[in-house]
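Each protein sequence line maps, in turn, to chains A and B. Numbering of the first sequence is given in this note's numbering, commencing with residue 1 and proceeding in unit increments. Numbering of the second sequence is given in this note's numbering, commencing with residue 1 and proceeding in unit increments.
Treat the hints with care, since some could be wrong.
Label pairs and their calculated CB-CB ranges [what the hints assert, rightly or not]:
id, chain 1, residue 1, chain 2, residue 2, range
1, A, 141, B, 189, 34 to 42 Å
2, B, 148, A, 169, 28 to 36 Å
3, B, 130, A, 184, 38 to 46 Å
4, B, 76, A, 184, 28 to 36 Å
5, B, 81, A, 64, 45 to 53 Å
6, A, 39, B, 120, 52 to 60 Å
7, B, 214, A, 26, 36 to 44 Å
8, B, 134, A, 26, 51 to 59 Å
9, A, 63, B, 76, 45 to 53 Å
Below, in silico cross-link-like pairs of lysine-lysine (BS3-like), each with a Cα-Cα straight-line distance of 30 Å or less [said to hold, decoys possible]:
id, chain 1, residue 1, chain 2, residue 2
10, B, 65, A, 195
11, B, 65, A, 205
12, A, 142, A, 100
13, A, 204, B, 150
14, B, 126, A, 205
The hints are simulated quantities; they were obtained by calculation from the structure and are not laboratory data. Source: prediction; values computed, not measured. Ideal placement from N, C-alpha and C gives every residue a C-beta, glycine not left out.
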Amino acid sequence: MRILVALDQDPRSAHTLSQVTRLLVNTWANVTLLGVVPGKSSEGGISKDFVETMNQYHQAVLQGFDAQDLPYAPADDDYEMAEIQPGLFEKIGHADSGIKELTVRIRVGNPTQTILEEAADCSSDLIVLHSDMDSQQKIATKADCSVLIVKEERDTGKIICFLEDDLLSQKSLEMINQMAVLFNAEIEIAGLRDKQAMEEVIEKKLNWLMRYFNRKGIQLWVQLVALSSLEQFILEEDHWSLVTMWMGEKSIFKRLFSVNKVAKLLQSRKSSVLLLR
Amino acid sequence: MLKTVIAIDANLASRIAIRYVCQLGRSLDMTISTIHALEPGEEGHAIATGWVRQTWEGAVVREAKEQVIRLVKSEQTRCRPLESPLFLPPGQPRADRIAEQLRSSHFDLFVEGLLHRFERDQFLEKIGSRLYREAPCPILLAQNVPPWAKGVLWVSDGMLTEQMVESFLRIFPVQSVELKFLNCRFSKSPSAAVQGSSSPNEVGPALSLLESSIKNISTVEGSPSSMAALVRDHSLIVSSLPRENSPMSELLSKSPCTLLFLP
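Take the sequences, apply the hints, and build the full model.
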């Protein structure tokens with residue numbers, strides 16, 4: 001798995017990074033820490049202040065691991081932020097490489113465009129960003145991979161996943177599993193129903209998921225929600241640390257709601273949001 | 001020994017009911033019977049008349065039987081006390097046949113599964129049904145299978161009766177479970193106000209029969225919606241059977257937990 005973490009100098013970036021670090025400790029995923037700045041400094045490079053912030057983010061990730069378990073290259077004080085392409089800077093150190101990649105980059109330009117470009121360049125499976133980034137809605141809409149929008153810490157011990165008729169990929173299930181560990185949460189599955197035949201398909205999937213998550217020692221709560229009540233359900237039952245939605249091509253959310261509408265609906269909630277693709 | 005019977009169909013709700021009872025069976029001394037009320041047209045509308053219809057109905061019944069047998073067999077691998085199903089032949093309404101079975105076999109606990117739904121209709125239909133209203137024993141409505149460690153919550157909006165407490169103690173003898181007690185005062189207030197500790201006198205003298213099992217008594221005031229968070233995360237919620245359109249039925253309809261209704 002490759003994770004792209006979009007960061008800026010907002011204090012919420014540090015919180016987002018602490019969440020991601022817990023995920024990295026569990027997954028040993030390859031990761032890119034991407035700093036986004038709208039323009040170069042007056043000297044034509046990146047401001048020292050921002051480079052230092054990115055360096056601190058890098059150190060914070062490494063400090064999240066026990067030294068003997070560190071899968072990434074260790075910290076190196078002797079580094080430079082080199083412009084490897086116009087508008088793309090990468091932290092180059094001299095330490096030996098680790099068994100997994102941790103890349104620190106800064107891109108100059110429009111945040112939405114630069115984050116999506118980086119996600120495509122590094123073939124990321126997951127983009128993580130905090131909820132105050134101006135670009136979050138556009139990235140959620142346009143990304144080809146899954147997107148996790150981290151809000152302020154809300155520890156309710158429950159995450160919700162909406163289950164529907166469409167195929168749920170193994171990769172998505174593993175992602176949900178990781179999120180349950182990350183948020184130290186039980187999983188609520190809401191099967192979305194519209195007609196009887198569909199309900200039978202959903203029930204079979206729910207049964208399979210109960211076994212899947214029970215084998216992994218994760219408590220699963222199941223329930224059914226009529227599609228026509230979905231919006232009301234999200235508004236009334238807002239008690240989750242994380243809301244997970246499957247946004248595959250055939251998904252109900254994609255068919256019935258624009259991603260924009262989903263993003264807007266969830267923007268007002270306190271839960272973090274994971275859009276699975 | 002507690003005589004338990006689960007009414008099953010070939011669906012996920014029944015699997016949940018079986019798994020919940022089997023989990024319970026690890027801490028209680030109980031027998032676990034299963035029954036299925038056969039319906040001639042349970043898979044659709046009858047076709048044709050005469051021998052064609054009879055043949056079709058016979059095939060539907062055989063198919064239903066096979067599905068139920070398969071379901072029970074698959075659960076028996078993890079639950080040895082689970083008995084093979086008894087099939088109640090078609091004829092009388094389902095509720096009447098099950099009620100008759102409960103009476104004639106002197107079961108102590110009737111169990112059904114229900115997939116929890118955000119919409120309340122099916123829940124209200126269940127608790128308003130004649131079977132539930134006239135059941136001769138407590139009813140367990142299994143909606144999920146959380147671990148037993150999540151504890152038991154007793155919710156009430158009135159005085160407890162001795163009959164309720166005795167029914168509960170027949171299932172869970174004194175000190176076999178730790179109980180939290182929630183005394184609900186329904187109002188229109190949109191936020192629930194919880195008093196951490198309340199006096200046992202508020203719920204009546206019958207509570208003294210449970211005293212050594214009770215861990216905590218609290219009182220909460222607010223609308224059913226505002227109390228929903230309090231009934232969301234338990235292994236079991238105990239209550240009397242609420243009236244269909246009452247604040248208590250609204251509160252319980254919001255709970256994804258398994259519910260025990262005491263007569």
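Quick rundown of the hints versus the structure:
1. Distance hint check for residue 141/A and residue 189/B: the Cβ-Cβ separation is about 40 Å, which falls inside the suggested range of 34 to 42 Å.
2. For the pair residue 148/B and residue 169/A, the supplied restraint of 28 to 36 Å holds, since their beta-carbon distance comes to about 34 Å.
3. Separated by about 45 Å at the C-beta atoms, residue 130/B and residue 184/A satisfy the suggested range of 38 to 46 Å.
4. Range check, residue 76/B to residue 184/A: Cβ separation about 34 Å, and the 28 to 36 Å hint holds.
5. For the pair residue 81/B and residue 64/A, the supplied restraint of 45 to 53 Å holds, since their beta-carbon distance comes to about 47 Å.
6. Separation of residue 39/A from residue 120/B is about 55 Å and conforms to the stated range, judged on CB atoms against 52 to 60 Å.
7. At about 40 Å, the CB distance of residue 214/B to residue 26/A agrees with the hint of 36 to 44 Å.
8. Look at residue 134/B against residue 26/A: about 53 Å separates their beta carbons, and that is inside 51 to 59 Å.
9. Range check, residue 63/A to residue 76/B: Cβ separation about 52 Å, and the 45 to 53 Å hint holds.
10. Between residue 65/B and residue 195/A the CA atoms are separated by roughly 25 Å; this keeps the pair inside 30 Å, and the hint holds.
11. Simply put, residue 65/B and residue 205/A have alpha-carbon atoms about 23 Å apart, close enough for the 30 Å limit, and the pair holds.
12. Pair hint residue 142/A plus residue 100/A holds up; C-alpha atoms about 28 Å apart against a cutoff of 30 Å.
13. Distance hint between residue 204/A and residue 150/B is fulfilled; the C-alpha atoms sit about 26 Å from each other, no more than 30 Å.
14. Taken as a hint, the residue 126/B and residue 205/A pair is honoured in the structure, with Cα atoms around 25 Å apart against an allowance of 30 Å.
When held up to the earlier numbered hints, the structure conflicts with none and fits them all.
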